[in-house]
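4 protein chains.
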Amino acid sequence: MNKSMSIKFPNFDDDKLHEECGVFGVFGYDEAARLAALGLHALQHRGQEACGIVTCEGKDFFSHKSLGLVDSTFSSKNVIERLKGRIAIGHNRYSTSGEPALRNVQPLYADMDFGGFTVAHNGNLTNAHTLRKVLVKRGSIFQSTSDTEVIVHLVAMSRQRTVIDRLIDAVKQIKGAYSLVASAGNQIIGIRDPYGIRPLVLGKLGDAHILASESCALDIIGADYVREIKAGELIIINDSGVKSLFPFGDNPSRFCIFEYVYFARPDSFMEGRSVYETRKRIGKELAKEAPVDGADLVVPVPDSGVPAAIGYAQASGIPFELGIIRNHYIGRTFIEPTDTIRHLGVKLKHNANRQFIEGKSVVLVDDSIVRGTTSRKIVEMMRDAGAKEVHLRISSPPTAHSCFYGIDTPSMDELLAHKMPVEKICEHIKADSLAYISDDGLYQAVCKAKRNAKVPQFCDACFTGEYPVECVDYNSNCAGVKVTDLHERQQISKE
Amino acid sequence: MNKSMSIKFPNFDDDKLHEECGVFGVFGYDEAARLAALGLHALQHRGQEACGIVTCEGKDFFSHKSLGLVDSTFSSKNVIERLKGRIAIGHNRYSTSGEPALRNVQPLYADMDFGGFTVAHNGNLTNAHTLRKVLVKRGSIFQSTSDTEVIVHLVAMSRQRTVIDRLIDAVKQIKGAYSLVASAGNQIIGIRDPYGIRPLVLGKLGDAHILASESCALDIIGADYVREIKAGELIIINDSGVKSLFPFGDNPSRFCIFEYVYFARPDSFMEGRSVYETRKRIGKELAKEAPVDGADLVVPVPDSGVPAAIGYAQASGIPFELGIIRNHYIGRTFIEPTDTIRHLGVKLKHNANRQFIEGKSVVLVDDSIVRGTTSRKIVEMMRDAGAKEVHLRISSPPTAHSCFYGIDTPSMDELLAHKMPVEKICEHIKADSLAYISDDGLYQAVCKAKRNAKVPQFCDACFTGEYPVECVDYNSNCAGVKVTDLHERQQISKE
Amino acid sequence: MNKSMSIKFPNFDDDKLHEECGVFGVFGYDEAARLAALGLHALQHRGQEACGIVTCEGKDFFSHKSLGLVDSTFSSKNVIERLKGRIAIGHNRYSTSGEPALRNVQPLYADMDFGGFTVAHNGNLTNAHTLRKVLVKRGSIFQSTSDTEVIVHLVAMSRQRTVIDRLIDAVKQIKGAYSLVASAGNQIIGIRDPYGIRPLVLGKLGDAHILASESCALDIIGADYVREIKAGELIIINDSGVKSLFPFGDNPSRFCIFEYVYFARPDSFMEGRSVYETRKRIGKELAKEAPVDGADLVVPVPDSGVPAAIGYAQASGIPFELGIIRNHYIGRTFIEPTDTIRHLGVKLKHNANRQFIEGKSVVLVDDSIVRGTTSRKIVEMMRDAGAKEVHLRISSPPTAHSCFYGIDTPSMDELLAHKMPVEKICEHIKADSLAYISDDGLYQAVCKAKRNAKVPQFCDACFTGEYPVECVDYNSNCAGVKVTDLHERQQISKE
Amino acid sequence: MNKSMSIKFPNFDDDKLHEECGVFGVFGYDEAARLAALGLHALQHRGQEACGIVTCEGKDFFSHKSLGLVDSTFSSKNVIERLKGRIAIGHNRYSTSGEPALRNVQPLYADMDFGGFTVAHNGNLTNAHTLRKVLVKRGSIFQSTSDTEVIVHLVAMSRQRTVIDRLIDAVKQIKGAYSLVASAGNQIIGIRDPYGIRPLVLGKLGDAHILASESCALDIIGADYVREIKAGELIIINDSGVKSLFPFGDNPSRFCIFEYVYFARPDSFMEGRSVYETRKRIGKELAKEAPVDGADLVVPVPDSGVPAAIGYAQASGIPFELGIIRNHYIGRTFIEPTDTIRHLGVKLKHNANRQFIEGKSVVLVDDSIVRGTTSRKIVEMMRDAGAKEVHLRISSPPTAHSCFYGIDTPSMDELLAHKMPVEKICEHIKADSLAYISDDGLYQAVCKAKRNAKVPQFCDACFTGEYPVECVDYNSNCAGVKVTDLHERQQISKE
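Residue numbers (the numbering used here), protein chains in the order written: chain B, 1 to 495; chain F, 1 to 495; chain L, 1 to 495; chain E, 1 to 495.
Hints were generated in silico from the structure; no laboratory data involved. Just so we're clear, the structure is a prediction, and the values are computed from it rather than from any experiment. There's no promise every hint is true.
Which copy is meant is left open, because identical chains are indistinguishable; a pair holds if it fits in one copy or across any two.
[Said to hold, decoys possible] Derived lysine to aspartate or glutamate pairs resembling DMTMM-like cross-links, with alpha carbons at most 20 Å apart:
1) K77 / D339
2) K450 / D440
3) K133 / D113
4) K204 / D384
Excised from the complex, chain B in its bound form (with noise of 0.2 Å):
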């Protein structure tokens, strides 16, 4: 196949916000590989357009990583089994900004002067750019165009002696989200930024010790949670055991709040939280906020607006039913929509229940608008089907402004509720109405307190504009665009 010639249909999801990446770390078991790979796999909605382990055994590291699904990328007998030893470094990576390539594919490696060293990331940084300036200025070379090689670069350039301190005097230099797992040394590391804005957990299987991303990824492999990486901790794990430093400043913590909105798997914990649950109370909270008289249905947009709907019908008394519904067969890509096509209004991905739609008043539950597309051919999907009437719930504040912290958001100019005020929103998808919960009570339903204006307890940056670490790599108005200079030299390809 000619890879240029399919195109991405359009469909729902490309409306939402992205994770962009999980990480997976092992250190002790016999088959390090097998275990980072279901962990991976129990951590695809984190990412899926590439993936990677690197295990390493006495003084070898092996690595494999692909683009593509974890799945089809660990399946072959040949390739776990060449990823040898006890410890394995694994990460699953969303694509940001059309560059594919497997360069950029982690965890990354390289060689040292003490040894191999090998780390993979959830996050972004939001100095790399300049830092990647001083550092090719000072000699250092480049192989990809991932934000993550300034980490290497810097532990390799250090002083420092041990490995830890030359890492600790890197991840002091870099500013942004970062969720780190990394190897040396016949050890395994865990690092969480100051605020923790991305999630990091420690489990157990044996006497393995586990880190990855969510919980869902120790369950997978019937591993024991023992407790989250704390905001600014960085975790040794080896022979003689876990050792825990807190060498970045002592912050309070600003754990990111979408990833109870969407981004993690409902069957997650996140903080002592069920994600499920949390959800099941945002969307509680959103049928007492914003009831909707005489709604005959409650209506979840598929798979992610489930939860919320669910709490919004039992709060509500409102019963529900699932009036979309959703072919899971779709892949990234499908034949090129000719204007013929076009002009049918294909429905690749969802269909409504029409005998449940026709003639009834629906109260439609979804997680976030972002650009509005999508909520407006829902809508109308809707309206098609028969409804009488379309009120539309939302289980997050407006998304008003970009995430710089690892999350794929377009610029803040293409965000709807940057654009008008949610009565224009309303008018815009053509719903007969729209609420969105708010501030307070997304804050109550996840933590059962207000937002704390001055010191607020998570990072909600896409819905405040209140950015926890400076985004030194931007313009001053943290519109989203990237300083980019450095980049547009290097259109290297490489197959």
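Once you've looked at the hints, dock chains F, L and E against the given chain B.
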């Protein structure tokens, strides 16, 4: 990847009955191949192993077939544009017997003296082997092990004059279940077997006519539903319009009742009934027949158990909760489970939503039990998650007999309900209680009447062992073992 | 790579006649498939487009076919070990008419009522289309556009009792040139057409018997040459030994004389003659018939012109020099020549050895001129390298007629020797002189006798236009245009 | 195909020394990438494992590299059109040490603070490992195991101001043999090491300039030969024209004499000499030094032995005959030889021309004996074909020492001429007589003077053990074992 190295991971779906095929036909649309690809995509649940489209323009036929899903097979512009013409026939195939060779992928095509002939088939012929032996003796050369090729050779050998007469001549000789879509001489032909066991509907898109296994394939392209093809009907669609014949006798319809229970997509209509609504009614009936006192939650086995679980929850007043989360990113193969890994009880596809299950009395709703391996695991998963009680409710009667009409069932000896009574099954899967819906309950939920024992309204052979059509090729005990003396000779592998 | 994007670069070999096929058979060797792969490799010069092997063990047949060369097709241990049995049939194919589909790759296989039947064919049937029409009318379904499939259907339809009788019945109906190797019922069968136009030899390796197009395929496996299969002979090899029949009449042999000139490998023996030695004799004869006074060098057009050039040099006393160097690393396709690049006169495959050519009078020796495009370029290349005079000598008579017996020739209208006399050809290619060997000279070099005009000792239709076998499917003028009404209907593309 | 399953069949070429690389550069031609692809095709004999092209347009660089031959790598229009710009650098690579990873394929590219930098290298650095250790200690991260990457890091780390000064700074630190073609800042740079061990020529095509390993790469695109780059010369080609510098001292040239014997293409010129002519002169000299009384035939070991054999035949008056036929259709891999097959003595690549050999006294001419395995087999093949006597003549002196300057040689212990004197070698290979050309004879044939023992005119270390450049990385005994402590750590496999 070395295919032979990758091993299918056992997962819940492996213990389901599987629809073997979906068919689709277009007459009179400029981009017929694109419509067919979309239609096949909507029918993907009826067969995921392989797919194909044959189009016709004047006297020329164009074909593209491939192992794999519809979206990847037809994503290339090159491929789709080569499929010229206003006529298209499409087919999805489910692997039945370990013969996933390309030559078995439909639609089949043959050059005859009147020109090209192509046919796609959903169902199974019960006298195919017997006819094949006769045809081979007469000099026919078979290229596939597909039953459908028998039809092609019968048409080629027929001494009738017109294509239609030759096709009628051929179909009169075959027995079994068959919904056929064929094309020859600038027309498409739809045929449903005398009992109408497998589905086939007629739709309209502007001036074009569509034939499809299910109405959801009309929805995806915005086509209008016209009617079902009747049992024993042959329908001819050409430039003169639509013509209907009944050359195969006059039987009362015996549509497959399991299409309602599991095979069809919930957003399809069958015989005027919404599949989703019917499944909910089955769930409600099940709640009446087999209530669970003091239960805390109704939990569906995702995804197929969801509508019946909603029905059960609504009828019983017990809250509906997503107690099991499904990972949709699982493909056909994954890493081979070593003993160590197998020992971990890896849950590749499902995970219990622990917080909801712990300490609760759970009503699990699923659609069927085949070998019982899945049910046993899922009950265990509930217990591991802390369920106080687990009550399993099944939205179909016990599956105690093999199907010979186009459904992939294990041989009778492997069917749990053939081997033991319900109480023993309950013990075997370690549930606190187990109940299946009754035959009459199922009939009532579907057609608002009890089962007519003399002339049953549906084919329910898998529950009752009453086979409406003679199983010529099979052992007299109908235990599901094919008579395959001819077959074994041909072990040709092509690449 | 998008195949349709790559374009065949015109090179010298494109202006050659091409042998269409090589065949190979083994009976009674434990690793028959390995022998067949080696044999086909030795016969690679007879067909480079595709290859295949079918083996037989008891009642089971195993097949592997692929587009591409023998060494890449059979390099995988998996592939070769799947081909079980002590019987193997192999085939190399040269692309003749732009139908490089896998279904045309031989050996062909069919299930018949007596069991499996497989056949490989070197040659061309001159009444295949006529027979095909009759067979289709009787209900035969063709899967390929290969002439060979006619034989398979004739066997399937035959009313004779034994396999051998059915094969004889079939072969009696076909006309043309055919060296066949077939297998059915634990035996292999070799057949050579009544005129013995294409070659077929019998060899022995221990207790095993070998059939092959050329003796070089015996050498590669260390087998002993036994004898040639005779014109009109059918040979049966099974556990009882070798049995010979002559069921197709009794003709004087008319072996293709061009096998000596160009097709066969120089290290093969044909009819007891060394091909290399025969080519040298042709060169010597040419030196006698067409000497060049004052020439400095004899330069072969590599590689096929080398033996005749050595002969010419030895007979004339003029030094033999490699004045043209050939690059052997050229595959089937290369970069598309843009106008700019074309303008450079790129020499992908050959380069003049400038220092030797400059200022010299050169005798160029080649084996034939087909369209003349090559000869013109090579003369120009000599002049560019500074040759004072260029005299072209051709080791065959003028090729003025198409071949219908298994050689890929352009239609008569494209043959330079059909369009103009020798003097005009000399002008056209801009040589200082041009001479072809005479018919009698060629015969004398090959068989030490002049051409017997009444009963020629060889088939030389391409020189003389005297066709020993009727060309039923072709226009009366034998201009090389096939009658293809049936064909055009079937434009099925498979992938 | 499962690559690891296919096994390289031992063949004659495996017992040759192998040139490791070819380089090519273009400045100032609109379709520079196309020229580079053609040039690399002409240089394919210098490296068949992998190839790559990097082009430059303004500040942007474009790259395509692949394992495999030039023609298949660059046959796609898509690929070649992506390589924009009027500057191109190309490289062919021969596999040296079982590390055929894509990341080792050249040209290498790096982003530096002044912009992009790319380089391709023919030769071998003798202090690469030593330099690499220092660089890694300073924080450089290596991505390949290629020696050439040392040069890239040295340029990146240089404190000089201009690209040229940084490159000079870098090259002054390296030792060994190197013909480099690099590009940065809209210019291409050619460098030849102080002894000019590997070749590099300058050509012109209209206004464009070309750098290439051999003149045959100029011929293929119709470019004019200008001159050789001199030993120790650095040449800069940009819009201002061609500038020559000699920053690396002033040594007498020591060009590799084995380029004349075997590596270079016979149609190339080197130091003003025709390679073909020189080889013929070596053959003539050999005939004088080592005549064979009463010999009937001179037979070359194809293809490399042909020119020397023609020279030998012309000088001795013994007829030249193609007594061994070579099969050119052999790729890199073929079926694994089982014991049975191995026992057959399969001749995949060569076959004796039996009729010519039988009863004759044969002079076999080859260019070298490395391990002797081939020579032994080929003598045996002659005997099997009935040769009365076999006299082997070698057109180079005994190869008794490893090469560290870019030629793939086995370690000294495996070299037959290191292990035993000529008489023993003759016994070992079972020839009737064996003679090598003398050192002085070779020098005389090449440069018309005896070897100047004090300042030899060529590098002949493989014959004499006199290494002109220090082998820093190697054991003091120069036995060919690399010091690889650093290497062993990095066993990363990428796919």
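Outcome of the hint check:
When the C-alpha separation of K77 and D339 is checked against a cutoff of 20 Å, the pair qualifies only between copies, where the shortest distance is 14 Å, while the shortest distance within a copy is 45 Å. Within a single copy, K450 and D440 get their C-alpha atoms as close as 5 Å, which meets the 20 Å cut-off; across copies the closest is 55 Å, which misses it. Taking the closest pair of Cα atoms, K133 and D113 come within 20 Å of each other only across two copies (7 Å); inside a single copy the shortest separation is 23 Å, beyond that limit. Only between protomers do K204 and D384 lie at most 20 Å apart by alpha-carbon distance; the minimum there is 17 Å, versus 52 Å within a single protomer.
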